[in-house]
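**Student:** So the protein sequences, as listed, match chains A and B. Numbered by full-length UniProt numbering, the letters in the first sequence go through residues 1 to 314 in order. Numbered by full-length UniProt numbering, the letters in the second sequence go through residues 1 to 301 in order.
By construction, these hints were calculated from the structure, which means they are not laboratory data. Treat the hints with caution; some may be incorrect.
Stated by the list, open to error - Computed beta-carbon distance windows for the label pairs: (1) B:D61 to A:P230: 23 to 33 Å; (2) B:V144 to A:T83: 19 to 29 Å; (3) B:L31 to A:V60: 47 to 57 Å; (4) A:I47 to B:V81: 40 to 50 Å; (5) A:K207 to B:L85: 15 to 25 Å; (6) A:I47 to B:L52: 53 to 63 Å; (7) B:L31 to A:E203: 24 to 34 Å; (8) A:I47 to B:L85: 15 to 25 Å; (9) B:G36 to A:V298: 38 to 48 Å.
As the list claims (entries may be wrong) - Covered stretches of chain A, as calculated for chain B (at least 3 residues, CB under 8 Å): (10) 50-60; (11) 74-82; (12) 152-163; (13) 266-272; (14) 290-296.
To be verified - Covered stretches of chain B (chain A as the covering partner; in silico rule of three or more C-beta atoms under 8 Å from a C-beta of chain A): (15) 60-73; (16) 92-103; (17) 155-168; (18) 176-189.
Even glycine gets a Cβ: it sits at the ideal position worked out from N, Cα and C.
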Amino acid sequence: MADVGTLNTTSAGIDAVAPKLGEGPSGPRPRPAVSARNIMLYGTLTIAALYYLLPLYVMVVTSLKGMPEIRLGNIFSPPMEITFEPWVKAWAQACTGLNCDGLSRGFWNSVRITVPSVIISIAIASVNGYALANWRFRGSELFFSILIVGAFIPYQVMIYPIVIILREIGIYGTLTGLIVVHSIFGMPILTLLFRNYFVSLPEELFKAARVDGAGFWQIFLRIMLPMSLPIFVVAMILQVTGIWNDFLFGVVFTRPDTYPMTVQLNNIVNSVQGVKEYNVNMAATILTGLVPLIVYFVSGRLFVRGIAAGAVKG
Amino acid sequence: MTGQARAGRPNKLLRNLNAKIASIPMILTALVIFVGGTLWTVFYSFTNSKLLPRLSFVGFDQYERLWAAPRWVTAIENLAVYGILSLIFSLVIGFMLAALMDQKIRFENTFRTIFLYPFALSFIVTGLVWQWVLNPDFGIQAVVRSMGWTSFTFNPLYTPEIVIYGILIAALWQGTGLVMCLMLAGLRGIDEDIWKAARVDGIPMWRTYLFIVIPMMRPVFITTIVIIASGIVKVYDLVVAQTSGGPGISSEVPAKYVYDYMFQAQNLGQGFAASTMMLVTVAIIIVPWAYLEFGGGRKRG
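Bound conformation, chain B alone (with noise of 0.2 Å):
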């Protein structure tokens, strides 16, 4: 943006350069950062870097030996299974609440506290928690034997096909309170007339929420998806606190299988390839999304 400086008023050049100066910190995070860090990182992904980056370019290979890995595989099988089920999970118990806490009800505010408070904590305190909460010897499953009902078993954490659903757990008891709170602001923005044109219509509540307010709030779900996938990708601490991947590699999800490659097993050419493919997901997720809300035609510049 240097062709500036050939602008006729003086003046107000010399104003915008102010503002130029003050948005430095920005433009190098936006350049630098954003669009430089992840055209490197897509760059290498290209090569067969080990230890450190280096420039041999072996085409597709990193790819190929990706998903020819039965880590990543499970990576992606377990993000694809956490994902559907969290997305589905959090919008419907989001939206049962906050339809609850609609009702004009007492208590408001001390619901509400309660339901957001885990928003609060981060995923290591969340995973630390639940798995202690899940712990088989100490946990529900040791309280309901000691009830009598000895053969009760309820062992996620430690148990290969479902251990990504004691996962889930985790994640939505920290999550849903921000859906209900996303959930309950769509609720109150819609007109108390269409409630009451529904009742004078005699349609009973919930055909009211399915056919006429849960439309009436699609910008509202639209937000809140994206919120909730772009999390979901990204999830990492959770699974690190709560099982660091096992037992053996039955909770490994993609943002693990990075780190461990860039950080630890210093392979980073399956690490670059691992994280662009992350980034391909997301891109497949916002792309849509980006369309939609801003119906590709974007004002000036």
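Next comes chain A alone, as it looks inside the complex (with noise of 0.2 Å):
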């Protein structure tokens, strides 16, 4: 039966074995594998996939680039020598400003901000969400909605006034601001996205706990937590890679020292002064992507539960 399925791709093909074929074939005909149909399909998407490709193509070749090659050549050939010169280089001596020590500065930033205001903000967003599911208050709903209302107003109608808090309180321009200014941002998707879990949970279970005496924070700890390994999941690849991408905030809430990776990024490949060196840049460039990138390939269905859930935010 294999060879008749290789032989019906077209209908001519049919025609000549036909006769041969005697009684004809049972049961629904094949799908031919190589069909008009087929080829625009997988035509389409591929060119699609490849157009897609093509920049983080562009940007690996670059990266493996000595200058005078960079100079000589077009940004799609393949490198005739690799180096890997460029990304140490990005890495550790790429200039910025009066600092000349690379991304790794800003590296070290971004992980000092990310995993806190990553902990932080599902902490809090969690038992907010808990509270607004299984104990309403008056006014709880009020607050909510003002929550994801705010969630939609645009980031630099709220960033001055921010400022004048963050400068009262004395922590404008370290990393514990700009770790409040995340959660506080975070707050309304998450939320939501606590809100909505915690409801979909069977209700008797928290009626059980509550006649078995237990309070509010039991019941979250003990019940609630256990059962909610995956929405804590999706919460996290939200929150790391979008603190981790975040460059307004970080522009407006840190100073030189404390710039995060996107901040130094940007201020390393558009800094006027000298030659620009594309292949330290681009070396530069997907350094900066590796932690989202590595989160969404390692993480991959739930990648997109998780844009699916909070696609709101940013």
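Got two chains here, each in a separate frame; can you build the complex from them with the hints?
**Tutor:** Here it is in structure tokens:
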């Protein structure tokens, strides 16, 4: 039967073999592997995929070339001599303003911003979502509505008052200040996420625990938390990529020595002085994109869920 | 919400107290940052604050100055062009990719991964990559010229008239994967029987999509449009990374105008007025959506 399947590619082929088949095949006709429809389908998808992959290819290729080779060739030609020097330079020596210690400074700043911001924003939002789902009080829905509407307000509208507040508290320009800002702006979408998740859990569980005398925190820690690992992972993916990729808050709320990686990257690449070292720039760009890319590739399907749930942010 | 104290059952009150304490960060954020911050900015947009906010009211002067500034007008025009085109193109491209992906294809995961990965990257990274791909001396223009077509010109980032399209290309590269994902989820939600019925009736595929499937996906489209639109108004990083608003002021956008006036030109009043205009824009988008989505009739508060 397999032979027949391969012969069936065109109607001419079918006509040629049909008399020899006698009674004819039984069961549904096998779908031809190569048809006009499939060529169109996979052709279009492949061309689209190439378009999406092209910049990644260009980035990698450029970052592995030496400067003389870049000046000679075009951006699509593969490197003749692979060199990792641009990567080393981008990481350890590239200059932003007065500092010449490369992206490593920004990388560690970003780590020190992202880790606490993710933990704090998820901790606060999960409790919020739990309170909104199971312990509603008068006004709770109102605050929640304000929060959700607030997610649509352009950040620019709220930035200056926050600058004033942070300055008054004395944490403007510090990493702590930026962590607070990320926790605040992560709240709407995360709270929505957790609230919807906790609402979907069977209410009987909650009721049974209350009958047994468990309180607000006990139910949260002993019953809700163990059941909500998936949503925590989704929230984490959302926050790690979102906070790592942030630029606006980084540039507003930090100073040069506390710049996150994105801000530092932009300063390295778009600096006006000196010769433009395109290979170093591209290596720096890949380095900055690496963390969210790793998160994306490792988490796969969960990433899709995360952005579908939190696409409102950003 | 202090009036709760006189509730009859102390037991219930105590339990609610815990929830309230736990909700303090949320309440503070909602009231102080979202409501307070917004009102503060709108309020101060009617003053002539320069380096520091100060309370000397000038009425609508800041707004008059704003709309008389060529830089702001350019920013609004850019936003309009960028917004309308990116809305149309991301919906069309996103839907077409999703429709192709929905044909029970092989390697679906691979294709989805490829289409979506740019979304994991920041706008800064996206902008810098496309700045490089569109570089006139090394990028697409140079490549086509080196193949023999020496008069070929494709230099959007250094041509004031079309620079916004250069930014649009990068934005679509970054964002269409997300639209594709949302649309694919919407298509998967359509009952298989609809397709069977359409096939039995002999309706061609494209007509089924256009007149049956797309109308059925209305909620998905509305959500997607709101997501794209609220992202459009905020566009900032991409422009900074790709062109820094140049050449000249030709790729200026409102978000960048606000930032520059607040933190660089030390002209807070202008910054506040411009950001208030951004708020108005968003309200124009969101209010009709909220009305459609929630029908005005809210459940209990």
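**Student:** Within the segment 50-60 of chain A, is the number of residues with a Cβ closer than 8 Å to a Cβ of chain B three or more?
**Tutor:** It holds, with 8 qualifying residues against the three required.
**Student:** Within the segment 60-73 of chain B, is the number of residues with a Cβ closer than 8 Å to a Cβ of chain A three or more?
**Tutor:** Per the Cβ count (0), the hint is violated.
**Student:** Mind checking, does the segment 155-168 of chain B have 3 or more residues with a CB under 8 Å from chain A?
**Tutor:** Three-residue rule not met by the segment 155-168 of chain B, so violated; n is 0.
**Student:** So is the segment 290-296 of chain A in contact with chain B by the C-beta rule, three or more residues under 8 Å, or is the coverage claim wrong?
**Tutor:** holds (count 4)
**Student:** Using the C-beta atoms of V144 of chain B and T83 of chain A, is the stated range 19 to 29 Å upheld?
**Tutor:** Holds, at about 27 Å.
**Student:** I want to verify a distance hint. Is the separation of the beta carbons of I47 of chain A and L85 of chain B within 15 to 25 Å?
**Tutor:** holds, 21 Å
**Student:** Given a hinted range of 38 to 48 Å, is it respected by the beta-carbon distance of G36 of chain B and V298 of chain A?
**Tutor:** holds, 40 Å
**Student:** Is it true that the C-beta distance of L31 of chain B to V60 of chain A lies inside 47 to 57 Å, as the hint says?
**Tutor:** Distance hint for L31 of chain B, V60 of chain A holds at roughly 48 Å.
**Student:** Taking a Cβ-to-Cβ distance below 8 Å as contact, does the segment 92-103 of chain B have at least three residues touching chain A?
**Tutor:** holds (count 4)
**Student:** Evaluate the given range 40 to 50 Å for the C-beta pair formed by I47 of chain A and V81 of chain B.
**Tutor:** violated, 26 Å
**Student:** Determine whether the Cβ-Cβ distance between L31 of chain B and E203 of chain A falls within the hinted range of 24 to 34 Å.
**Tutor:** Given about 30 Å between the Cβ atoms, the range holds.
**Student:** Return holds or violated for the Cβ distance of D61 of chain B and P230 of chain A against the range 23 to 33 Å.
**Tutor:** At roughly 54 Å between Cβ atoms, P230 of chain A and D61 of chain B fall outside 23 to 33 Å, so the hint is violated.
The earlier numbered hints that this structure contradicts are 1, 4, 5, 15, 17.
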